[in-house]
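K.L.:
If you read the sequences in order, they're chains P and G.
My numbering numbers the first residue of the first sequence as 84 and each following residue consecutively.
My numbering numbers the first residue of the second sequence as 84 and each following residue consecutively.
Please note: incorrect hints may appear among the correct ones.
[As the list claims (entries may be wrong)] The following label-pair restraints were derived from C-beta to C-beta distances: (1) E307/P / R111/G: 41 to 49 angstroms; (2) E352/G / A341/P: 47 to 55 angstroms; (3) S217/G / V359/P: 48 to 56 angstroms; (4) R278/G / A332/P: 54 to 62 angstroms; (5) P270/P / L343/G: 33 to 41 angstroms; (6) R213/P / E307/G: 40 to 48 angstroms; (7) G140/P / P270/G: 39 to 47 angstroms; (8) D374/P / E352/G: 37 to 45 angstroms; (9) S217/G / A341/P: 52 to 60 angstroms; (10) A266/G / V175/P: 26 to 34 angstroms; (11) A268/P / G181/G: 47 to 55 angstroms.
It is worth saying that the hints were derived from the structure and are not from the lab.
Ideal Cβ positions, reconstructed from N, Cα and C, are used throughout, including at glycine.
Protein chains: 2
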Amino acid sequence: MADRIIVDWGTSSFRAYRFDAGGAAEVRRTDGGILAVEGGRFEEALRAAVGDWLTPGVELHLSGMITSRNGWVETPYVETPATLADLAAAAVRRDIAGGVSLRFLPGVSQREPSPDVMRGEEIQVFGAFRADESGVAVLPGTHSKWVRVERGRITGFRTFMTGEVFAVMRRHSILGRLIPEGAPALPGAFVDGVRQAMRPDSPGLLGDLFSARSGALLGVLAPEEIEERLSGLIVGHEIAGAVALGWAAGRVVLIGEAALCGRYATAFEACGVEAVPGPADAAVAGFRRLDALE
Amino acid sequence: MADRIIVDWGTSSFRAYRFDAGGAAEVRRTDGGILAVEGGRFEEALRAAVGDWLTPGVELHLSGMITSRNGWVETPYVETPATLADLAAAAVRRDIAGGVSLRFLPGVSQREPSPDVMRGEEIQVFGAFRADESGVAVLPGTHSKWVRVERGRITGFRTFMTGEVFAVMRRHSILGRLIPEGAPALPGAFVDGVRQAMRPDSPGLLGDLFSARSGALLGVLAPEEIEERLSGLIVGHEIAGAVALGWAAGRVVLIGEAALCGRYATAFEACGVEAVPGPADAAVAGFRRLDALE
Numbered sequence: 084m085a086d087r088i089i090v091d092w093g094t095s096s097f098r099a100y101r102f103d104a105g106g107a108a109e110v111r112r113t114d115g116g117i118l119a120v121e122g123g124r125f126e127e128a129l130r131a132a133v134g135d136w137l138t139p140g141v142e143l144h145l146s147g148m149i150t151s152r153n154g155w156v157e158t159p160y161v162e163t164p165a166t167l168a169d170l171a172a173a174a175v176r177r178d179i180a181g182g183v184s185l186r187f188l189p190g191v192s193q194r195e196p197s198p199d200v201m202r203g204e205e206i207q208v209f210g211a212f213r214a215d216e217s218g219v220a221v222l223p224g225t226h227s228k229w230v231r232v233e234r235g236r237i238t239g240f241r242t243f244m245t246g247e248v249f250a251v252m253r254r255h256s257i258l259g260r261l262i263p264e265g266a267p268a269l270p271g272a273f274v275d276g277v278r279q280a281m282r283p284d285s286p287g288l289l290g291d292l293f294s295a296r297s298g299a300l301l302g303v304l305a306p307e308e309i310e311e312r313l314s315g316l317i318v319g320h321e322i323a324g325a326v327a328l329g330w331a332a333g334r335v336v337l338i339g340e341a342a343l344c345g346r347y348a349t350a351f352e353a354c355g356v357e358a359v360p361g362p363a364d365a366a367v368a369g370f371r372r373l374d375a376l377e
Numbered sequence: 084m085a086d087r088i089i090v091d092w093g094t095s096s097f098r099a100y101r102f103d104a105g106g107a108a109e110v111r112r113t114d115g116g117i118l119a120v121e122g123g124r125f126e127e128a129l130r131a132a133v134g135d136w137l138t139p140g141v142e143l144h145l146s147g148m149i150t151s152r153n154g155w156v157e158t159p160y161v162e163t164p165a166t167l168a169d170l171a172a173a174a175v176r177r178d179i180a181g182g183v184s185l186r187f188l189p190g191v192s193q194r195e196p197s198p199d200v201m202r203g204e205e206i207q208v209f210g211a212f213r214a215d216e217s218g219v220a221v222l223p224g225t226h227s228k229w230v231r232v233e234r235g236r237i238t239g240f241r242t243f244m245t246g247e248v249f250a251v252m253r254r255h256s257i258l259g260r261l262i263p264e265g266a267p268a269l270p271g272a273f274v275d276g277v278r279q280a281m282r283p284d285s286p287g288l289l290g291d292l293f294s295a296r297s298g299a300l301l302g303v304l305a306p307e308e309i310e311e312r313l314s315g316l317i318v319g320h321e322i323a324g325a326v327a328l329g330w331a332a333g334r335v336v337l338i339g340e341a342a343l344c345g346r347y348a349t350a351f352e353a354c355g356v357e358a359v360p361g362p363a364d365a366a367v368a369g370f371r372r373l374d375a376l377e
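Pulled out of the complex, with its shape left as it was, chain P reads as follows (with noise of 0.2 angstroms):
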């Protein structure tokens, strides 16, 4: 058997794994994601990054952002309810010089009860749940899904935008000024806002978003720990509004990088909702299911 490559590439991110036909696999990363990609060159870029694993007869499966209508080749969505082996039928197969065949996996998407797509996180949520598995998969991010699995098959889907409105709010807003630079953050203050969050007397987002400014002119919050606090109080209304919703009502798994989901795994506790960690690399046991299917 030829050596199987497969690229998870993202917005910010580049991520290849080959695997050799005893299934060792040997990884490269880099910061190439689609966006630092000039004028389209993706083959270009993928060349730079692995041009030594693209000997004729290799295949490699590419995931992500890279499918979508600014990567390379734009692949269709599967519509919920969606299996693993619907990814592997919709995916688009394209061949580049030195006999490299590329296939490249679709996204999915949900029309109700609300629209909603994701492109990359499904083959990881594919990789946490086998065939007859159920369960609710939390990939926590710029955009973080919740991902209701059913015996195996995605059957719905939510993304809040936890990831980009803090990355906004610290950057643009009034919050962001008061948030001392180069002073240590005080990471209590994340649970404190995760909590602030679960409360009944919330009065939500907005305005618990406030109340780091107020607490702060008041004395009643630290100014170093604000930015831990927004954190908290973001992350706590995502969480919030998945519990209200009933979406961590059984098994939640909790899938994505080390230190990302150490943070959710302390607001998940903090919360009293019980979570189990995925495999350490979703995305390549996802892959391996997909390669087991064909």
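Go by the hints and put chain G onto chain P.
P.N.:
What follows is chain G alone, placed relative to chain P:
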């Protein structure tokens, strides 16, 4: 009686009113909010705007962010419950050249159930509510205020970062980048956004925000609808948060600039909240009541 002058001097606007002995008023407005005044030269800015009014013996009342740490003279906060007489008693006097006497009014603060502050809105609230009246004043804006009044006393309030969250998301998020430049916004999407925010199955603001993006990607939302949808979602979540806390149960009085109040009136109607308009210039009405006290 000498002329009386009142100055409503906020972060981004300056408004001065002069009353003669007969009570008739002359108004001057500039864009010279405190952020536009360089190097703390507030006296210079005041004289540039209304120098010809500053005759010997004249008395000015100043309210708004000009009384904050970043303003001219920082005044203390009066804690809730607060009456108009409490404001008058805590004003800070400062005399300047030419026999001109300045009185900087305090802001109002609250410690429980959550820390909150205001500077400038309180005089508008006292303009909209007479000494024996009760209800809730809503003052939409960058930092929207909901202020509870019981028999003429401000007994509690809540600030929502509505306008600021809209502005930073409009300018700095992926949602802003999806809004076509130069195309006229479709206003119907505002009410749709408000209604979505009020739905019992809303996932909260963070989840609803993303639906503006995925709706556009899936073709259920026109690009020209995104801006108003975003505005409606954010205003709707302010109202939903306040309604959930019981703030809209009694008499609701809407105070502020006409165009913005018009949007809130539309939103309130969509939410089934009955709101009545406050006086056209609530700050002036508040200052008149203050004058009558002295």
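K.L.:
Now tell me if each hint is right for this structure.
P.N.:
Now the hints, each set against the structure:
no.	hint	result
1	E307/P / R111/G: 41 to 49 angstroms	holds (43 angstroms)
2	E352/G / A341/P: 47 to 55 angstroms	holds (49 angstroms)
3	S217/G / V359/P: 48 to 56 angstroms	holds (51 angstroms)
4	R278/G / A332/P: 54 to 62 angstroms	violated (27 angstroms)
5	P270/P / L343/G: 33 to 41 angstroms	holds (39 angstroms)
6	R213/P / E307/G: 40 to 48 angstroms	holds (45 angstroms)
7	G140/P / P270/G: 39 to 47 angstroms	violated (57 angstroms)
8	D374/P / E352/G: 37 to 45 angstroms	violated (56 angstroms)
9	S217/G / A341/P: 52 to 60 angstroms	holds (54 angstroms)
10	A266/G / V175/P: 26 to 34 angstroms	holds (31 angstroms)
11	A268/P / G181/G: 47 to 55 angstroms	holds (49 angstroms)
Checked against the numbered hints listed earlier, the structure breaks hints 4, 7, 8; every other hint is satisfied.
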